[in-house]
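Undergrad: As you go down the protein sequences, you meet chains A and B in turn.
Take 496 as the starting number for the first sequence in the working numbering and just add one per residue.
Take 496 as the starting number for the second sequence in the working numbering and just add one per residue.
Careful, some of the hints might be misleading.
Intra- or inter-copy, both count: the list cannot distinguish identical chains.
[Stated by the list, open to error] Below, in silico cross-link-like pairs of lysine to aspartate or glutamate (EDC-like), each with a Cα-Cα straight-line distance of 20 Å or less: (1) Lys757 / Asp907; (2) Lys775 / Glu611; (3) Lys775 / Glu919; (4) Lys723 / Asp605.
By construction, these hints were calculated from the structure, which means they are not laboratory data.
Protein chains: 2
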Amino acid sequence: MERNLTVAQAQDAILNEVSPLAAQTVAVADAQGRILAEDVLSTRMLPPADCSAMDGYAIHSAASQSASADVPVSMRVALEVAAGGSADCPLQPGDAARIFTGAPVPPGADSVVMQEHVEADGEWVRILKPAPRGNNIRNAGEEMHVGDRVLARGACISAPVIGLLASLGRTLVSVVRRPRVAILSSGDELVEPDGSVEGGRIVASNSYTLSALCREVGAEPIYFGISKDCPEELEAHMRSGLSADCIVTSAGVSVGDHDHVKGVIEKLGCEIRFWGVQMKPGHPMVFGRFDRGPAPGAAGPFVFGLPGNPVSAAVTFEQFVRPALRKMSGFVTHFRPTIQARLRTALRKQPGRLNFIRVCLEIEDGEIWASSTGNQSSGVFRSMSEAQGLLVFPGADSELAEGSDVTVQVIDEGFFAGHERGFEGV
Amino acid sequence: MERNLTVAQAQDAILNEVSPLAAQTVAVADAQGRILAEDVLSTRMLPPADCSAMDGYAIHSAASQSASADVPVSMRVALEVAAGGSADCPLQPGDAARIFTGAPVPPGADSVVMQEHVEADGEWVRILKPAPRGNNIRNAGEEMHVGDRVLARGACISAPVIGLLASLGRTLVSVVRRPRVAILSSGDELVEPDGSVEGGRIVASNSYTLSALCREVGAEPIYFGISKDCPEELEAHMRSGLSADCIVTSAGVSVGDHDHVKGVIEKLGCEIRFWGVQMKPGHPMVFGRFDRGPAPGAAGPFVFGLPGNPVSAAVTFEQFVRPALRKMSGFVTHFRPTIQARLRTALRKQPGRLNFIRVCLEIEDGEIWASSTGNQSSGVFRSMSEAQGLLVFPGADSELAEGSDVTVQVIDEGFFAGHERGFEGV
């Protein structure tokens with residue numbers, strides 16, 4: 496067991512340990528936002544035949560070469576092809592076929608004239624200028640041929656990817672499994688949100704924050720409730736989480752007489768990789784892995800023992816659990832975005848541990864300004880609920896001056912959304 | 496009915512028309528990512544009493560004033576208070592109380608000394624330096640008092656906000672209703688993904704793309720299947736969508752003989768606000784509103800008649816439907832983020848309509864480069880599924896030079912996620 500790692504060492508230790516989960520087959524609609532675990536090869540040619548890109552008239556281009564507005568070429572509308580129709584009947588030179596977007600071009604025709612560019616007159620149509628060969632025709636296979644690799648393993652399944660899979664007739668797809676995360680909390684003082692807080696009890700709100708953070712990153716939280724602060728109950732509680740991919744606990748990881756988490760997980764076969772990270776909030780944090788899970792031969796879940804303080808629990812989840820869950824879900828980008836901002840009001844601290852300061856972000860004349868959300872005590876969760884970012888106050892520093900350039904980890908994904916369209920729109 | 500608006504005019508017309516939906520009460524766990532429709536006032540004082548921020552010993556600070564490492568002050572550990580315990584028994588001056596994080600400070604004590612800073616010895620503890628008053632004590636009400644407004648109407652319900660609501664004992668919360676979006680598609684050539692594509696049929700993939708785009712923005716798609724290209728079937732189909740907040744159709748909005756959407760919606764009482772936007776892909780697009788819904792007196796749904804081309808349908812959804820759904824959901828940021836990038840390879844077009852070019856984005860030495868995803872024909876959907884952004888090629892321009900600065904609308908939310916942690920981590 497290593498002790499007192501830096502944030503970077505702790506993140507590296509965790510990310511070296513975890514790997515993407517196995518693949519599973521799911522309905523395409525359930526695959527949204529997940530990572531593709533197969534190369535998708537096309538089983539179709541698209542378009543399936545040469546087809547019209549416009550509503551108009553399919554013609555032999557040669558027959559239009561003398562056309563002009565003064566001396567139009569008149570053609571008989573000999574047939575009509577709708578989208579989904581068939582084009583078995585060949586078009587005779589000098590005839591035209593009424594044709595609609597997506598409809599197959601009849602044999603013989605090699606050009607489509609837009610309906611806006613002709614004069615229709617009953618069974619006849621007047622062509623007003625020469626139509627080049629291939630005009631407004633989408634060639635068979637222009638989008639894909641049978642066997643083309645249209646999607647690569649590792650791609651994220653966006654909304655357009657779902658449409659593409661549908662267009663190939665796929666209803667099922669192989670994706671990386673979502674991590675199942677057992678959420679445990681412990682503390683004699685804790686109650687559920689609908690419980691009584693008489694006598695100084697408080698709500699086990701960490702479980703709700705941590706479950707929501709799991710859902711935000713696409714993992715599946717499984718809540719196992721509150722355990723009392725005694726080794727026996729904690730052990731039974733912990734055993735219930737062993738079938739998950741990850742166990743996330745909060746509280747009980749410090750050095751107090753009531754801090755039983757480390758002892759219990761070691762007894763259950765967890766190898767603790769490290770304890771303690773040089774950061775504030777969040778110093779007393781444990782990371783380890785159970786040597787066996789419920790399946791014979793397989794390794795057990797990872798365990799993240801987070802501090803009990805609500806701010807510390809949320810901040811350590813952001814730094815350590817979230818990147819691990821991203822990697823387990825198959826993403827290659829494991830981290831929150833960071834931005835450079837200017838500091839609204841000076842900050843001070845003791846040199847030593849890296850601090851994460853909860854901040855709001857404002858854009859003024861194209862510059863981003865970061866301001867503390869107020870009381871930075873790790874007991875004050877309100878300032879976490881208002882934070883759009885975590886400002887990185889490096890360990891060695893003791894002061895960040897007003898107006899200085901700072902790095903902020905953006906935890907509010909909505910920060911990037913636009914108040915304005917961002918372009919002229921003409 | 497206005498015709499041929501610019502992108503900006505069309506977006507403004509839509510956003511002036513739509514407004515946030517009504518509030519509804521949902522379980523807190525279902526409120527994630529939605530917009531709060533009430534001011535949340537605290538019903539609790541937090542912390543509920545003066546309590547310890549550390550594991551340690553609560554003492555009378557005055558009794559520690561002479562303490563030093565050479566001449567420690569020994570105090571008898573007269574009582575113990577755990578988190579969730581009660582602190583009714585007053586502490587006598589000169590005594591200490593063993594105390595744990597979150598536990599109430601006993602009457603009389605005014606300072607907590609960290610356990611790491613004392614020498615414990617059976618029933619006695621030696622204090623090695625003077626402890627200031629208020630040391631390691633979180634004051635009652637430091638986080639909130641009863642009646643404090645802890646969350647404001649309009650806030651987005653992030654994971655920490657869910658934790659904060661839980662800590663207040665809230666299990667239900669009032670949020671802006673999610674838009675219900677009826678998804679319709681029409682075309683004689685269309686089949687569902689599990690249908691046969693014999694004879695040139697193609698899958699109605701637009702419905703799957705558009706449903707997924709709805710889910711991505713937090714709206715609820717309701718898929719009504721495929722209608723044939725005839726006014727009677729289209730009318731029955733459209734009627735089924737009238738109970739939604741929005742109807743999104745694809746295809747049938749151009750000027751072809753099979754383009755019945757405009758006629759049908761007007762017959763059903765839709766006032767068409769505009770038809771046609773000066774953009775490519777996506778010109779033939781209709782926006783309107785039904786003058787009555789299923790409820791007496793209430794206005795009916797908005798209708799977005801999108802082009803049938805898969806690329807055009809997705810791009811017009813992005814520009815027009817998505818901002819409308821964001822506003823209906825209560826967000827004040829309606830638009831996708833835009834970034835400035837440099838263009839990898841020159842682009843050309845006819846001056847006239849604004850073009851949206853599907854691009855990939857790469858970061859090189861801190862600069863973002865945008866490259867076309869290939870064939871920009873609006874028939875080629877593959878290039879949409881690979882696009883991370885839509886490059887804005889202004890209407891008046893005919894060329895964007897290699898290396899020039901361009902504006903890109905980011906449609907892949909994952910673009911901002913970090914490959915690296917983005918700070919040193921020490």
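Undergrad: Identify every previously stated hint that the structure contradicts and give their numbers, smallest first.
TA: Numbers 1 and 4, in rising order.
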